[in-house]
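Can you build the whole structure from these sequences, using the hints too?
So the protein sequences, as listed, match chains E and Y. Counted the way the working numbering counts, the first sequence spans residues 1 to 194. Counted the way the working numbering counts, the second sequence spans residues 1 to 1185.
The set of hints was computed from the structure by calculation and includes no laboratory data. Here a beta-carbon is modelled for each residue, glycine too, at the ideal position from N, C-alpha and C. Wrong hints could be hidden among the right ones.
Cross-link-like lysine-lysine pairs, in silico, DSS-like; alpha carbons within 30 Å at most [said to hold, decoys possible]: (1) K564/Y x K170/E; (2) K899/Y x K803/Y; (3) K170/E x K557/Y.
In silico negatives: residues of chain Y with every beta carbon more than 12 Å from chain E [claimed, not checked]: (4) H3; (5) P12; (6) Q36; (7) R85; (8) E425; (9) Q461; (10) E801; (11) Q907; (12) T1043.
Below are the chains, spelled out letter by letter.
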Amino acid sequence: MIVCIAVVGHQTELKILMEKKRGKWVFSFVHSKVKSYSISISGIKPRAREKMIVCIAVVGHQNNPLYIQSFTEADDALKLHHIVHCSLDVVDERVNNPKKSGPMLNETFLGLLYPTENYKVYGYLTNTKVKFILVTTDLDVRDADVRNFFRRFHSAYLDAVSNPFHVPGKKITSKTFAERVTNIVKSVSFHTTG
Amino acid sequence: MEHYPEELRTPPVTLVCIVGHQDLHATISTHLHSEQPPINTLALPDFSKISVIDKSPKEKENQLPSAYTSSGILKRDWLLKHRTRVPAVVAALFDADQLSGDAAQWLQVCTDLENLKTVARGRNIKLVVVIVVRFNSKDSITEERMVALRKRAEVDAKYVITFIPDDTSELNQSLNRLGNIFGELAVTFYRDEGRRVKTRLEKKNYGSIEFNVRYCFKVAIYAEFRRDWAEALRMYEDGYHALREYVLRIQFELQMIGTSTRLPAIQRLVEIKMVAELFHFKISTLLLHGGKIVEAIKWFRQHNASYKKLTGPTQVNFLHWEWLSRQFLVFAELLETTSATISSSALTVADRTSSDWEFHPAYYYQLAAQFLKEKKACVEISVSVTPIEADEGCDSIVPSLYVGQFARLLDLGETSVMQLITDEEYTLFALISEGKRLGDSTEIIALLKKANEAYDNFKSQRAASFCRLLMAKEYFLTSDYTNSKHHFDKLTSLYRQEGWVTLLWEVLGYLRECSRKLGSAQDFVSYSLEMAALPISPISSRQELKDCGPAGSPSLKHVESIHKEVFAVVREETLNDEEENMDGIKVNSDHPLHLEIDLVSPLRVVLLTSVAFHEQIVKPHAPTLITLSLLSQLPSPVEIDQLEIQFNQSECNFIIVNAQRRESSSISNIHPDRRVETVPVIQLFTNKWLRLTYDIKSVNSGKLECTYVIARIGPHFSICCGAESPANMNDLPLWKFEERFEASPTKDPAIAFSGMKVTQVEEPDPQVDLILGSAGPALVGENFMLPVTLTSKGHSVESGELKINLVDTKGVGLLSPREAEHSSSSDNLFVELLGVLCGPTQDNNDNIRKVQQSFGLVSVPFLNVGDSWSCNLEIQWHRPKPIMLYISLGYSPSSGAPKVHIHKSLQIEGKTPVVISHRLMLPFRRDPLLLSRLKRSPESGQAVSLPVNETSILVVNATNCTEVPLRLLSMSISEDEVTPKSKTKTTCTIQSGIDSDPSLLVPGEEFKKVFTVKPELNVSKLNLGCVCLRWRRDHESSKEVVTKQSLPDVNLEFPPLIITLECPPHGVLGEPFTYFARIQNQTKLLQEVKFSLSDSQSFVLSGPHNDTTFVLPLSEYILSYKLVPLSSGSLQLPRVTITSVRYSAGFQPTTAASTIFIFPSKPQFQSEPGKKFSPADQAPQQIPA
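Shown next, in the form of structure tokens:
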């Protein structure tokens, strides 16, 4: 969408400021008498590649990784491993202190585990106490979308571990599973709210 | 927080000034400081010093170019000035004497007041006049003077106060008054000042946004002075927003116009950020101290978001990162100090769920460290781009008048002048000062350490580990390898435990590098081996992980190269290309390397040894098979030069040598007696068991356990591996999560399932016979002798010991030593081990011999092969009871050799030898009338009654119940215990002829002995004593045994009537004989007696037939009949029936008593003439009938 802005003003005090806030352009009109007001223009879509799932992991009972895959071209895949590993602390805390999590009792979706500077980490706990960890760069993702993603991921996981040749508790090495996960990740588009 | 000056960190404190009367200053300032809220005091000794609080001449500003003076946002020293130099109130202290004194003094007072007023008015400082009076001259000052003074000072009457220092209570009152007035006036002062500035703000009466910000700051500070936190917070926020607008405007200007009117861009950005930081710090402090943690965190988030992108030009990027890091650090510190006071429970659930992490100071510390690291990187880049030459111009650059601004101080001799600097100069200055201060790494490490500790406190071990990892990396970067290694080492356990191979790989890579740098061959080799054996599956290595530290991405290629490298080191080969890297790492004869792998070692994946004996129990010296299985997860085949297998019995140790590498392996250190096996090749392939089976002969009995397997690779490298049993072998760490083919360590699945590295070597077979001579059942009462014989057949017996144990067959310990202690007193000791009789050959003194009631321990003398030794166990039964006799012999075949044990057991019945019964009888054909017999049936179980003064017959039977013949020695009746009744004597005459020669009693045979009993005293009960039977087994050696059995008591009765029948023992057909029935009346009464006679066909009889007669007292009446037998044989005599009317007791003789044998003709007896045929002799035969 092309947005055309015309600034017509002759008063010296009127200043128009442009600022990019969370992917939206915000125009602020600053007037020395009137305090200030701003108009935000939405509709300039962020580039799709910027906000996406960068890592997905399946973590077993002993907090051991069963499957971990990152979807990033950057060099920071190991960093993502660290993030997934650290987020297990939060999962542990939530699982051990269900009181604090309140309404999330008996729910598989653990919600936002912790925000890092550039990522958001979500968790999901199956009833066999296998954890799914999702790391995304999308900082404005909706819970519902993540839930939906986890549901699809869970079914993919179920199919993978239902393979009679899979030994429970061992790493998932199925190529089909990897492909399917990649497809899910690619197909998911978290719609930015607002 | 320590970056900030003191005045910023603490809330501002009211400042007042006191002038004059120096002696009171200490008292007053101390009191004011302890006021609530406290007041600081600026004490001026006399009025000449008053100029310090005067408006300072703006010298510094004059030094600056005019453009500069108005371009700052906040003046650096403004707050300090208000906290230390500009008081809210000035109090002039005058002595009462001065007021009431002469004109000159009064004039002085007036002058001083005038000066003070001038100074105070310039700053709107409130004035207070204090008159110091003595307690005793309170009223010395005249009203007139007071009014004059008040007028002079132009103050309200209430601000002229008296101060009385020389009385305690008055002093306190004065101080309190002073404090109150100061407090009140100070609040007024700060409010007025604040309002004045605020008015300007509200009217927008300022030239630029800078002033807006500055005014907001001032109003907020004034509000803080009077502790109006809400107002202060509001004003700070306003100021912050105004600053934000300012930033936006500048950006806009830059974008639109490309130039900036005032300060150069970099410096302005620095200034803005400094001011923003200051505002933010104040806001956060106020929010957190107000307990609004959530708001504070929101505010911080916003602050961070606003300024994070304002990085500025690349050459000064580092300033931005430093600034950002400081924001996080300061916030973390603030959060830490507050969260100590505010419990986290105050947070609602909704607050927490937003993100728990943001409540932890650790999170901020970690990010602060992260940004500082970023800064470090930027500094390095900038330094590399901009050459730093030592420019002395930079030395003169100092912080200027405004917060966040710098200027050059030009020294012009007397005075100095501030000069603006360009951005280039500033950048250079910043870089140079950066170069001067060092220790970014130290700071980063300190921050990470804090984060690590804070995470640890929250039990977030993984996040803590991550911080530790960053810390260790930082140490690594600063070449502090010792510390780095220490921290990396701590990390490995968590990653190993949770199986995070990639993370472990990274850590191990660093560790390997650290040990290389530190020159520790041992560590280098073990880390390399562990890395090489990590489960790097093709799946996980599909993605290239680039930031994995010195080891590179975990991939098969790297794994193999590490493998190759480490084996080159241990085999002491030289790799040309890596020669220079391996300088410290050498394995050679001076530095041999020995690694140990135990059950918990991470190196189990490198070499896992499983040892299984094929048999769980083996005979000594008999060969058994042992399977040795080796498994390695190293990526390439490993060739082992030599394997040494060690056992707990070192005689069994043996060595397996790889034939191909025989020359390279050093056999020199091997014991020459050791068994050496040679195999063509010992090579381990990845995840494939190498199984070697050997036979092995145990030497000693007991446990034989394989302890270690030592693998030697290269001349000076060995791995000592703790042997494991296949039956209880743990999974390999890390590899257990991998999908891999898991073969069993042995081919035989049974051994793989249950094989152990331990086998039990049995004792050698005993070559000694232990014979228990069984002599059939034991008899109660006798000392039963059980012969035990030891015969040595192949072993000599040394330090032999014989243990004897008697146990109840029912499994209940018959008489355990414990039980015996308390049961010995009571009579329930059934079986007793009396002693052990050994052969007469040895003296028993030095032998251990312990005999208890059911347990015995006897030492056996030395026996040569072929010798024998025997002993007799002496056991006594008190009750019939079967028992088990356990005998075990332990001995050593030769001195020092382990003991050999033989066990024997024997069940022995204890039997009652004889059963003694007795019977009391009346004499034949003599019947006393016992009245007690009339009243009951004779079968009822009451004690038997005996007639007094009548001879009764006691028959004692002894029946042999055993299966062996017994010889009876004697039977007698003895009085058991001496009782008072013992004088009432029974006369017992033994009439049996067997008294002298012991009779032999075959099994089942009964022995009878007859005693006569004649009670002579009229007592109601008679104790008959007990039967005493002496007997022995029917062979010479056996000892005699006395068996006693007491007889029951009998009742004694006086018979009123006694009937005696008399007739000859036999008759002859046709020959008449006389038959009497005597009725003897023993009473002193006349007894009426009826009698009748029934006829008998076998006899012709004469005599009274049927009558009633009287028997006189103490006399007898005799019925006599003459009988002629008509037939021969055993015939019934005519029956006499006698009835006593008084006792209504009838008597009829028994059939036996009224039977007589009639010979057809006179018999001819051929027995020896001396022997009389006595009726007593017949009695025993007649009784059974």
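So, going through the hints one by one against the coordinates:
Annotation: proposed proximity of K564/Y to K170/E holds, straight-line Cα distance about 29 Å (limit 30 Å). Annotation: proposed proximity of K899/Y to K803/Y holds, straight-line Cα distance about 14 Å (limit 30 Å). Between K170/E and K557/Y, the direct Cα distance comes to roughly 24 Å. Compliance with the 30 Å bound is thereby established for this hinted pair. Look at H3/Y: its CB is around 22 Å from the nearest CB on chain E, clear of 12 Å, so calling it non-interface holds up.
The beta carbon of P12/Y is kept farther than 12 Å from every beta carbon of chain E, the shortest such distance being approximately 29 Å. With a least beta-carbon separation of about 39 Å from chain E, Q36/Y lies farther than 12 Å from that chain, consistent with its non-interface assignment. Distance check for R85/Y against chain E: the nearest CB is about 35 Å away, which clears 12 Å, and the non-interface claim stands. Once the 12 Å rule is applied to beta carbons, E425/Y is consistent with being away from chain E; the minimum gap is 30 Å.
Interface exclusion of Q461/Y from chain E breaks down, the closest Cβ pair being 7 Å apart, not more than 12 Å. With a minimum CB-CB distance of about 55 Å to chain E, E801/Y clears the 12 Å threshold, and the non-interface call stands. The beta carbon of Q907/Y sits about 58 Å from the closest Cβ of chain E, which is more than 12 Å, so the claim that it is off the interface holds. Distance check for T1043/Y against chain E: the nearest CB is about 79 Å away, which clears 12 Å, and the non-interface claim stands.
The earlier numbered hint that this structure contradicts is number 9, and it is the only one.
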